[in-house]
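**Student:** Protein chains in written order, with this note's numbering: chain A, 1 to 114; chain B, 1 to 115.
Hints in this document: simulated from the structure, not taken from any laboratory.
Don't take each hint at face value.
[Stated by the list, open to error] Derived contacts from chain B toward chain A, CB cut-off under 7 Å, selection only: (1) Asp-38; (2) Met-41; (3) Gly-42; (4) Leu-43; (5) Tyr-64; (6) Phe-90; (7) Glu-103; (8) Phe-106; (9) Gly-107; (10) Gly-109.
[To be verified] To spell it out: a stretch of chain A is covered by chain B in this simulated footprint if at least three of its residues, at any positions, have a beta carbon under 8 Å from a beta carbon of chain B; those stretches are: (11) 40-47; (12) 105-111.
Cβ coordinates follow ideal geometry from the N, Cα and C atoms, glycine included.
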Amino acid sequence: SQQGEEDPQALSIQEGENATMNCSYKTSINNLQWYRQNSGRGLVHLILIRSNEREKHSGRLRVTLDTSKKSSSLLITASRAADTASYFCATDAIGKDSSYKLIFGSGTRLLVRP
Amino acid sequence: NAGVTQTPKFQVLKTGQSMTLQCAQDMNHEYMSWYRQDPGMGLRLIHYSVGAGITDQGEVPNGYNVSRSTTEDFPLRLLSAAPSQTSVYFCASSLPGTSNTGELFFGEGSRLTVL
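Isolated chain A (complex conformation) (with noise of 0.2 Å):
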């Protein structure tokens, strides 16, 4: 399987604080992206970043990718309670006829405390 692996499995910081998660991924991607979700909610597209890209932010969202470690990760500066969410990196993979579908990660629960 594609699936990207995520780490932690879980993160408690305080508000005001940088929250980090990783993702691993074990072939080769056309992009990579992230996304939110908050509790019993549908997820919620963060940033894609695209395989010939290093870094790319949007607002107080920074994410990185080495596709020669096969890895990404998305920083989350500032934090605020309102953070307080899953969030899921996702990969490309090749389908049926050259198709691509999206294949998920486990995720990281991140909870900001006030």
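Chain A is fixed; fit chain B onto it per the hints.
**Tutor:** Same frame as chain A, but now just chain B:
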């Protein structure tokens, strides 16, 4: 704009019953997919489609059927429900078809319990 709409939101079935989870999107997206999420776990891909008339299996397709007769709709059929299919099911869509996966837009989920 409704986005991705899933129905029903909640369903309780008895073992052996069949049912269809509905998914509709109004964004003219080519790519649609179904995932299941078990407690405390990530999402596992069941089936996906890169356009009308085209479907393919994901990671856990057994016990589920799909069809894609229109761009807008992608129903998921449970043929003979089993307790192991108790889960939350998410439908998601994105604009690209075969070239890449792009950003997925998710529905709010359908919570299925099989007794």
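**Student:** Taking the hints in turn, state whether each one holds.
**Tutor:** Against the structure, the hints come out as follows:
Here the hint on B:Asp-38 is broken, as its CB sits about 10 Å from the closest CB of chain A, past 7 Å. This hint holds: B:Met-41 has a C-beta 6 Å from the nearest C-beta of chain A, less than the 7 Å allowed. Because the smallest distance between the Cβ of B:Gly-42 and any Cβ of chain A comes to about 4 Å, under 7 Å, the interface hint for this residue holds. Interface hint status for B:Leu-43: upheld, as the beta-carbon distance to the closest one in chain A is roughly 4 Å, under 7 Å.
A least Cβ separation of about 15 Å between B:Tyr-64 and chain A goes past the 7 Å threshold, and the interface hint is therefore violated. With a cut of 7 Å, the hint placing B:Phe-90 at the interface with chain A holds, because the nearest CB-to-CB distance is about 6 Å. Because the beta carbon of B:Glu-103 sits about 4 Å from the nearest beta carbon in chain A, less than 7 Å, this interface hint is met. For B:Phe-106, the interface hint holds, since its Cβ comes within 7 Å of a Cβ in chain A; the closest pair sits about 4 Å apart.
Given hint, B:Gly-107 at the interface with chain A, holds; its Cβ is 6 Å from that chain's nearest Cβ, closer than 7 Å. Taking 7 Å as the C-beta cut-off, the interface hint given for B:Gly-109 holds, the closest approach to chain A being about 6 Å. Counting residues of the stretch 40-47 of chain A whose CB falls under 8 Å from any CB of chain B gives 6; the rule of at least 3 is met. Interface restraint, the stretch 105-111 of chain A with chain B: holds (3 residues with C-beta to C-beta distance below 8 Å; minimum three).
In summary, the numbered hints that this structure violates are 1 and 5.
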